[in-house]
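As given, the protein sequences belong to chains A and B, one line each in that order.
For the first sequence, numbering that gives the first Met the number 0 begins at 0 and goes up steadily by one.
For the second sequence, numbering that gives the first Met the number 0 begins at 0 and goes up steadily by one.
Keep in mind that the hints are not guaranteed to be accurate.
Pairs involving identical chains hold if they fit within one copy or between any two copies, as the list cannot separate such chains.
[Said to hold, decoys possible] Calculated lysine-lysine pairs in the DSS-like style (CA-CA distance at most 25 Å, straight line):
| hint | residue 1 | residue 2 |
| --- | --- | --- |
| 1 | K111 | K285 |
| 2 | K111 | K252 |
| 3 | K301 | K174 |
| 4 | K177 | K246 |
| 5 | K49 | K273 |
| 6 | K135 | K300 |
| 7 | K246 | K273 |
| 8 | K300 | K34 |
| 9 | K41 | K69 |
| 10 | K301 | K34 |
| 11 | K286 | K262 |
Derived by calculation from the structure, the hints in this document are not laboratory data.
Values in this document were obtained by computation on a predicted structure and should not be read as measured data.
Given next are the chains, with one letter for each unit.
Number of protein chains: 2
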Amino acid sequence: MANKKNLNINNESSYPDHLAAIVDRNLLFYVNACKNLPAILKKSILYSIKNGGKRFRPVLCLLTVSSLGKNYGDALPAACAIEFIHTYSLIHDDLPSIDNDDFRRGKLTCHKVFGEDIAILTGDALFAEAFNIIIKYQAASPDIKIRLLEEIAVASGAEGMVAGQVIDVFYTGKKISKKMLDLMHDKKTAKLITASVRCGAIIAGADENIMEKLTVYANCIGLAFQITDDILDIEAGSEVTGKTAGKDAVQNKNTFPSMYGIKKSREIAEQKIKEACHAISGIDIKKENLVNLAEFILKRKK
Amino acid sequence: MANKKNLNINNESSYPDHLAAIVDRNLLFYVNACKNLPAILKKSILYSIKNGGKRFRPVLCLLTVSSLGKNYGDALPAACAIEFIHTYSLIHDDLPSIDNDDFRRGKLTCHKVFGEDIAILTGDALFAEAFNIIIKYQAASPDIKIRLLEEIAVASGAEGMVAGQVIDVFYTGKKISKKMLDLMHDKKTAKLITASVRCGAIIAGADENIMEKLTVYANCIGLAFQITDDILDIEAGSEVTGKTAGKDAVQNKNTFPSMYGIKKSREIAEQKIKEACHAISGIDIKKENLVNLAEFILKRKK
Numbered sequence: 000m001a002n003k004k005n006l007n008i009n010n011e012s013s014y015p016d017h018l019a020a021i022v023d024r025n026l027l028f029y030v031n032a033c034k035n036l037p038a039i040l041k042k043s044i045l046y047s048i049k050n051g052g053k054r055f056r057p058v059l060c061l062l063t064v065s066s067l068g069k070n071y072g073d074a075l076p077a078a079c080a081i082e083f084i085h086t087y088s089l090i091h092d093d094l095p096s097i098d099n100d101d102f103r104r105g106k107l108t109c110h111k112v113f114g115e116d117i118a119i120l121t122g123d124a125l126f127a128e129a130f131n132i133i134i135k136y137q138a139a140s141p142d143i144k145i146r147l148l149e150e151i152a153v154a155s156g157a158e159g160m161v162a163g164q165v166i167d168v169f170y171t172g173k174k175i176s177k178k179m180l181d182l183m184h185d186k187k188t189a190k191l192i193t194a195s196v197r198c199g200a201i202i203a204g205a206d207e208n209i210m211e212k213l214t215v216y217a218n219c220i221g222l223a224f225q226i227t228d229d230i231l232d233i234e235a236g237s238e239v240t241g242k243t244a245g246k247d248a249v250q251n252k253n254t255f256p257s258m259y260g261i262k263k264s265r266e267i268a269e270q271k272i273k274e275a276c277h278a279i280s281g282i283d284i285k286k287e288n289l290v291n292l293a294e295f296i297l298k299r300k301k
Numbered sequence: 000m001a002n003k004k005n006l007n008i009n010n011e012s013s014y015p016d017h018l019a020a021i022v023d024r025n026l027l028f029y030v031n032a033c034k035n036l037p038a039i040l041k042k043s044i045l046y047s048i049k050n051g052g053k054r055f056r057p058v059l060c061l062l063t064v065s066s067l068g069k070n071y072g073d074a075l076p077a078a079c080a081i082e083f084i085h086t087y088s089l090i091h092d093d094l095p096s097i098d099n100d101d102f103r104r105g106k107l108t109c110h111k112v113f114g115e116d117i118a119i120l121t122g123d124a125l126f127a128e129a130f131n132i133i134i135k136y137q138a139a140s141p142d143i144k145i146r147l148l149e150e151i152a153v154a155s156g157a158e159g160m161v162a163g164q165v166i167d168v169f170y171t172g173k174k175i176s177k178k179m180l181d182l183m184h185d186k187k188t189a190k191l192i193t194a195s196v197r198c199g200a201i202i203a204g205a206d207e208n209i210m211e212k213l214t215v216y217a218n219c220i221g222l223a224f225q226i227t228d229d230i231l232d233i234e235a236g237s238e239v240t241g242k243t244a245g246k247d248a249v250q251n252k253n254t255f256p257s258m259y260g261i262k263k264s265r266e267i268a269e270q271k272i273k274e275a276c277h278a279i280s281g282i283d284i285k286k287e288n289l290v291n292l293a294e295f296i297l298k299r300k301k
């Protein structure tokens with residue numbers, strides 16, 4: 000797939016695996032660029048980064064850049080930085096005191112292999128290195144770099160991803176309002192997905208109007224992504240998702256399916272994907288791949 | 000103390016408590032500037048930030064700025080960002096799976112009050128917000144901001160503080176070489192102390208020669224600081240340090256006292272303070288307060 004001439008993602012596969020493969024290679028480059036790491040830390044970072052994931056966030060970042068007529072390669076550092084942050088968040092979320100997950104994408108979770116102490120520190124390291132990747136490797140003026148760093152720091156910080164995770168653990172086993180459930184998903188998942196699109200748009204030099212429309216698109220697909228994740232947790236077997244199936248229900252997690260049922264949740268996800276595609280329908284960008292990626296969210300099986 | 004006319008720290012006290020008080024107030028400002036936090040996260044962040052600590056790192060940053068003839072107030076955002084990172088690192092270090100500490104500065108540790116899940120996430124939030132403070136509040140050009148962000152991301156990252164902590168947990172209960180012990184202390188403690196000085200110097204516009212000398216100064220006092228910390232763990236009672244006394248020995252931690260004994264460790268610390276003061280002896284800065292702060296490290300009782 001890597002030698003495909005264009006980025007059209009709908010001819011052979013519904014997902015741009017060739018971009019995910021490019022992201023994979025770049026992620027390894029950035030890990031190996033960290034010199035003099037303690038051996039155990041290097042191992043745990045590599046183990047966590049080589050996880051066979053879809054690389055949804057970095058791929059989305061790259062597709063945004065190309066939709067704006069720029070070279071997606073320009074955004075590889077920012078895209079990989081976001082995947083570092085996503086990977087760190089999964090390691091911490093899987094910890095025994097948070098979601099207590101033994102498996103992730105069919106592999107033992109970081110703490111099951113390296114111990115809780117190393118897992119916590121591996122997450123911490125990946126978070127710091129996300130910033131270092133942008134600072135050191137992103138070809139951009141200092142003010143553009145600051146804008147990128149701000150996107151990822153806000154999206155992942157106390158008002159973003161961490162807040163979403165805190166709401167999640169706080170309300171697990173408790174009744175949650177629809178408004179709070181929305182807020183939790185927005186912060187826990189949509190914020191970093193939105194940052195992926197916005198970072199791509201910043202690098203590609205999008206104007207304010209396009210940025211605004213792409214932000215709506217990203218928010219909508221971010222929410223849809225979390226809803227389909229929660230549906231898959233119920234419907235797909237462990238062998239498909241690589242996670243412990245049905246875990247949300249066992250843990251009394253608040254999810255869209257637990258609030259609305261599967262059918263209504265799927266309708267909400269479909270509605271969000273429509274809203275996403277509508278948001279970018281009126282702007283002059285090459286939107287086909289962004290539309291396809293949005294639609295992939297509804298079709299994905301893992 | 001807050002209305003003192005100058006920053007001379009040797010007339011009433013050996014430590015600039017008035018600067019620590021200014022840092023305290025600014026830390027609270029930055030926490031309260033985070034809007035719409037989940038209530039439990041706001042509480043745990045405030046609990047962790049209001050810890051009665053010396054604020055050694057931010058104070059050092061501010062003294063560096065004033066030693067270079069600039070207004071220390073210019074560096075308050077960067078100084079507070081560094082204290083956010085230090086606070087996050089303490090929360091994670093205290094976790095049951097790492098150092099398993101119940102007390103810190105006489106107060107229950109974050110996870111003892113809020114649970115491990117919230118403690119992990121509180122550390123994560125503080126780390127992200129450290130970057131946000133510099134991005135949003137530090138009055139500086141984008142390229143200076145990038146330099147500051149690089150200092151703190153490198154100092155706290157996979158090759159810095161996290162690596163030091165990984166070495167610490169990996170070698171706990173195992174024999175460590177003198178070289179590895181040095182490396183551990185350099186990364187675990189000295190790197191962030193050095194970043195405190197370097198950030199102050201960057202904000203004050205220090206030239207390369209001064210930066211180099213200040214870096215040597217900071218490395219030396221960083222190592223001395225960790226050595227005296229380890230000596231205090233043995234010699235001072237819990238009621239003085241607010242920590243569980245003698246915990247390092249119980250946990251078979253590798254420290255300077257465990258490697259060299261207390262007497263030799265104290266000599267090494269004294270030697271490092273001499274080297275620190277010597278490093279800045281030949282440069283044209285107002286060095287009195289930096290010398291006093293270095294000497295304070297040897298006198299401190301907690």
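For each hint, the structure was consulted:
1. Taking the shortest Cα distances, K111 and K285 never come within 25 Å of each other, neither inside one copy (44 Å) nor across copies (53 Å).
2. Taking the closest pair of Cα atoms, K111 and K252 come within 25 Å of each other both inside a single copy (22 Å) and across two copies (24 Å).
3. For the homomeric pair K301 and K174, neither the shortest alpha-carbon distance inside one copy (28 Å) nor that between copies (45 Å) is at most 25 Å.
4. In the homo-oligomer, the alpha carbons of K177 and K246 lie at most 25 Å apart inside one protomer (21 Å), although the nearest pairing across protomers, at 47 Å, exceeds that limit.
5. In this homomeric assembly, K49 and K273 never come within 25 Å of each other (Cα to Cα): the closest approach is 33 Å inside a single copy and 47 Å across copies.
6. Taking the closest pair of Cα atoms, K135 and K300 never come within 25 Å of each other, the shortest separation being 36 Å inside a single copy and 40 Å across copies.
7. Proximity of K246 and K273 under a CA criterion of 25 Å is satisfied in neither setting, with 29 Å inside one chain copy and 59 Å between copies.
8. Within a single copy, K300 and K34 get their C-alpha atoms no closer than 38 Å, and across copies no closer than 37 Å, so neither meets the 25 Å cut-off.
9. Taking the shortest alpha-carbon separations for K41 and K69, neither the intra-copy value of 34 Å nor the inter-copy value of 41 Å comes in at or below 25 Å.
10. Within a single copy, K301 and K34 get their C-alpha atoms no closer than 34 Å, and across copies no closer than 35 Å, so neither meets the 25 Å cut-off.
11. Taking the closest pair of Cα atoms, K286 and K262 never come within 25 Å of each other, the shortest separation being 29 Å inside a single copy and 70 Å across copies.
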